[in-house]
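Residues per chain are reported as follows:
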Amino acid sequence: MLKEVFIDHYIYLALTLFCIGVLGVLIRRNAIVLFMSIELMLNSVNLLLVAFSSRMGDAAGQIFVFFIMTVAAAEVAVGLAIIVMLYRNTRSIDIGDANKLKW
Amino acid sequence: MLATYAFFFLAFIAIFFALLVVFSKNPIHSCLYLVLTMFAIAGNYVLLNAQFLAVVQLIVYAGAIMVLFLFTIMLLNLSSENEPVKSNLIKFIATIGGGSLLLVFVLALKKTDLGPAPLMFPNPNQQGMIQNLGKVLFSEYVFPFEVISILILISLMGAVVLGRKDKKVNPINE
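Each protein sequence line maps, in turn, to chains A and B.
Each number in my numbering comes from the position in the first sequence (counting from 1) with 120 added on.
Each number in my numbering comes from the position in the second sequence (counting from 1) with 371 added on.
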């Protein structure tokens with residue numbers, strides 16, 4: 121049985137969460153669930169930054185996580201507004217219907 | 372010792388609910404499972420002695436962002452009935468793609484030597500405390516901090532402009 125947690129465990133956890141996020145982006149068509157998967161990927165990267173910051177004893181990693189969270193909040197606000205506009209124009213949340221932007 | 376068990380418990384919770392986010396049919400359920408994943412990650416931040424980020428994670432992610440998601444889902448009246456689905460072939464190929472990405476990451480990590488030192492639970496150094504983080508944020512990173520406030524302002528205006536009802540635009544399908 122494992123007695124100690126190494127940095128490897130945190131890397132495996134973050135990688136698994138990141139790949140679940142990639143999987144969600146690939147298999148779902150709902151634009152909002154796509155956004156949630158992207159949030160999952162951002163969170164896994166945050167977790168890895170905090171783990172390394174804690175191991176190295178350097179606060180810079182945690183400052184970066186703070187900035188990533190702020191950018192994620194801004195991104196979600198604009199992204200959800202775009203999704204609402206898309207729904208208002210096409211009456212569908214399917215990301216495949218966004219190809220109407222091409223014409 | 373207890374913290375080691377807490378780490379594995381939180382890791383299990385995070386991965387389990389992350390899988391449920393991806394695979395549940397109802398978008399509202401996906402959103403609520405994502406809140407639980409955020410809680411597990413906040414618990415990991417507490418384990419790593421990053422208390423400030425744990426609280427920010429709870430307030431910003433589990434609070435503000437997920438409420439925004441839930442609000443949008445309920446505004447658009449989405450449920451599992453009108454949920455668009457991809458074909459099984461595409462799901463199969465996507466699962467293979469995601470799995471191979473994980474495989475590549477894990478194999479690359481196996482080749483890397485990260486040193487033998489385990490993470491200390493609880494961490495003795497105090498760099499995650501709000502006093503220390505505030506000192507670093509407002510001395511070394513004060514310019515990015517100001518820039519990010521402008522970004523927030525721009526995104527606020529962008530959301531308002533995008534969400535406004537525009538009479539001139541004709542809906543495509545009508």
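Do not rely on the hints blindly, as some may be mistaken.
DSS-like, lysine-lysine: derived pairs with alpha carbons at most 30 Å apart [said to hold, decoys possible]:
1. B:Lys457 / A:Lys123
2. A:Lys220 / B:Lys536
3. A:Lys123 / B:Lys481
4. B:Lys396 / A:Lys220
5. B:Lys482 / B:Lys396
6. B:Lys481 / B:Lys396
7. B:Lys481 / B:Lys462
8. B:Lys482 / A:Lys220
9. B:Lys462 / A:Lys220
Covered, in the sense of this in silico footprint (three residues per stretch, anywhere, with C-beta under 8 Å from a C-beta of chain B), are these stretches of chain A [unchecked claim]:
10. 162–176
11. 189–202
Simulated from the structure, these hints should not be mistaken for lab results.
All residues carry an ideal CB built from backbone N, CA and C; glycine is no exception.
Broken hints, numbered, in rising order? 1, 5, 6 and 8
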